[in-house]
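Chains as they are written, first to last, in the numbering used here: chain A, 1 to 328; chain B, 1001 to 1316.
These are computed hints drawn from the structure, not numbers from a lab.
If you're wondering where the values come from, they're calculated on a predicted model, not measured in any experiment.
Treat each hint with caution, since some may be false.
Partial selection, computed: residues in chain A whose CB lies under 8 Å from chain B [unchecked claim]:
#1 Gly16
#2 Thr20
#3 Gly21
#4 Asp81
#5 Pro82
#6 Arg112
#7 Glu238
#8 Leu320
#9 Gln322
#10 Arg323
#11 Gln324
For each residue, glycine too, the CB sits at the ideal point set by N, CA and C.
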Amino acid sequence: MSQQHESTRVVRAREGSPWTGLGAVIMEEMADSLTSARMRILEVLIALTAAGTVFISVQDLRNTVGEDPFLLLKLFTTGRDPLPSFAGFLVFLIPLISIALAFDAVNSEFSRRSLSRILAQPIYRDAFLLGKFLARLGTLALTLTVIWLLIIGMGIVGLGVPPSGEEVARSLWFLLASIFYGGIWLALAMVFSIVFRQPATAALASIAVWIFFTVFWEMLVGLAVPWLRPLKYGLVEEVLAQEQLELALNRISPNTLYGEVLLALLYPSVRSVGLLLPFQLYRAVLGNPLPLRESLLLVWPHLTGLIGGTILLFALGYVLFQRQEIRA
Amino acid sequence: MSDLVIEAKGLTKRYGNVVAVDSLDLEVHRGEVFGLLGPNGAGKTTTILMLLGLTEPTAGTVRVLGLDPVLQPLSVKARVGYMPEQMGFYDELTARQNLFYIARLNGLGREEAHRRIDEVLERLGLSDVADRPVATFSRGMRQRLGVAEVLLKRPQLVIMDEPTQGLDPEVARRFLQIVRDLKAEGVTVLLSSHLLHQVQAVCDRVGLFYRGRMVLEGSVPELAQQVLGSAYHIRVEAEGPSSALVDALKGLPDAVGVEKEDGNRYRVVARRDLRAEAAEAVVKAGGRLLGLEVEMPSLDDIYARYFQEVEHVAAA
Chain A
1 MSQQHESTRV VRAREGSPWT GLGAVIMEEM ADSLTSARMR ILEVLIALTA AGTVFISVQD
61 LRNTVGEDPF LLLKLFTTGR DPLPSFAGFL VFLIPLISIA LAFDAVNSEF SRRSLSRILA
121 QPIYRDAFLL GKFLARLGTL ALTLTVIWLL IIGMGIVGLG VPPSGEEVAR SLWFLLASIF
181 YGGIWLALAM VFSIVFRQPA TAALASIAVW IFFTVFWEML VGLAVPWLRP LKYGLVEEVL
241 AQEQLELALN RISPNTLYGE VLLALLYPSV RSVGLLLPFQ LYRAVLGNPL PLRESLLLVW
301 PHLTGLIGGT ILLFALGYVL FQRQEIRA
Chain B
1001 MSDLVIEAKG LTKRYGNVVA VDSLDLEVHR GEVFGLLGPN GAGKTTTILM LLGLTEPTAG
1061 TVRVLGLDPV LQPLSVKARV GYMPEQMGFY DELTARQNLF YIARLNGLGR EEAHRRIDEV
1121 LERLGLSDVA DRPVATFSRG MRQRLGVAEV LLKRPQLVIM DEPTQGLDPE VARRFLQIVR
1181 DLKAEGVTVL LSSHLLHQVQ AVCDRVGLFY RGRMVLEGSV PELAQQVLGS AYHIRVEAEG
1241 PSSALVDALK GLPDAVGVEK EDGNRYRVVA RRDLRAEAAE AVVKAGGRLL GLEVEMPSLD
1301 DIYARYFQEV EHVAAA
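Just need the whole structure built from these sequences, with the hints factored in.
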């Protein structure tokens, strides 16, 4: 009985895998992204940033070689005023690259009038959209990996100290987090590229969201928290509750999430990314680095949050795209 | 396998309250060239999108090559070549790269893809420009590239939406020759257009769309019969007493009417080709025959007359 039910369902279902042709779309889109003029500009921008910040940090670190067991990580985190560290730059650069890669992903197909031609080929829209997304994520991952390798290479040459396994592992996790931090902004820009027919509008909307989270979110949270959780009696519990709410709200912003991941992974001595309560310091040797496992545990929710956010935004774009009429 | 390439029954598409296609019945046979005619917004493109499974019908059924485009869109799209009204290519890529992408989407291997690409480029005379970016292509070249792309998958059915729009007459003529060649190869062609004389030149049958319905269907002479009544217009040029000539022509069997035009010209409207009889009648009536020709009923006439009537009815 159940088998019969199963078979009727199969007959009603769409034939074939939704991912037919996915590989072809990814290859094409990735070739397109990698060779585009805009990617060239971004690559130059990141390379200059990386070279500049690493040069400065190598100069600073030369004096302290041997004192710090995590020299390699310092390459990412040492800045000299007014220049932020490379990791600090990434917080801004990654959204910029992601938005630049994805803001015209879908609407340009409408304006070029190539969409109906492509979708008249034996592929589903599913493969088309996912292919576009994965190609861009791949481009971003490739770029970030190259930069990561360059920095480590420059560090080894500049400092003359080989990185330890722990350092490489930490920086690899950092790379992964960076890719998915980019993924969120990619997926967001892609949603806007589906919603708005004009690429310029989509770009502007994406940048608006980015500025909102970069500049205004923290301010808004700062204003909202005392109003949501007023201090009535000035008790410690109240202050704590306020702080916790503030932290939770701030963590809605991918920038905060990424910033905290960065902190925990690149500064091994960081013991908490939130409130540091006295009991957490019980028997702790201050300044002593945490093992990688412990640091990862600290930001595990952040990492899953970044990945989950990426998937959620992509799913939103997917639903919107499936419902769109092909004819412009 | 069935002889029917396209079979639509009660096909309907509504966008909100707007009915784009209203219970359409359509049958297109293997090897036929079928023309969809009608003013803009009559539902031609929507019909085409439903045939390809690119948009879902609100009601009704459709079979393309015996397949259901809603549930088996991949199989349909692997066998049907579609040329949209506006061919957009990736301008920064060359013709060959554009075709290669399409070939890969159709699941062709690298070697097979390149073989077929060379073949279709050669066939459409694009071999010389194959490695130029499409941005440098003229409209006619883009059009040919579009055909090349359609042929790449060796389709059994080719659907073209307004394929001759914006082409200069020479390019359009060459394009129509391509359609004839396809027909000769046994490929079924469905094309939509409002450039009537071109449709007339290549189509075996046409369907006239109006407000989402197919109001007329058949070969051009059949439509002429339906809409214009008497299908044959014979122009006679003759010297002689005009009243006697008019009477003689009027007396012909199957002649419906005779009009005297300027000078020595007369127009006979008849149910069949009466040229021989008309010549005889003119000579018998003492006239000197200078010229004789039969005007084929043109789709333009049918179209114009049909919509005149529709508006007339609407106004009344």
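Each hint tested on the structure:
no.	hint	in the structure
1	Gly16	holds, 4 Å
2	Thr20	holds, 6 Å
3	Gly21	holds, 5 Å
4	Asp81	violated, 43 Å
5	Pro82	violated, 39 Å
6	Arg112	holds, 4 Å
7	Glu238	violated, 54 Å
8	Leu320	violated, 16 Å
9	Gln322	violated, 11 Å
10	Arg323	violated, 11 Å
11	Gln324	violated, 10 Å
Going through the hint list in order, the structure does not satisfy hints 4, 5, 7, 8, 9, 10, 11.
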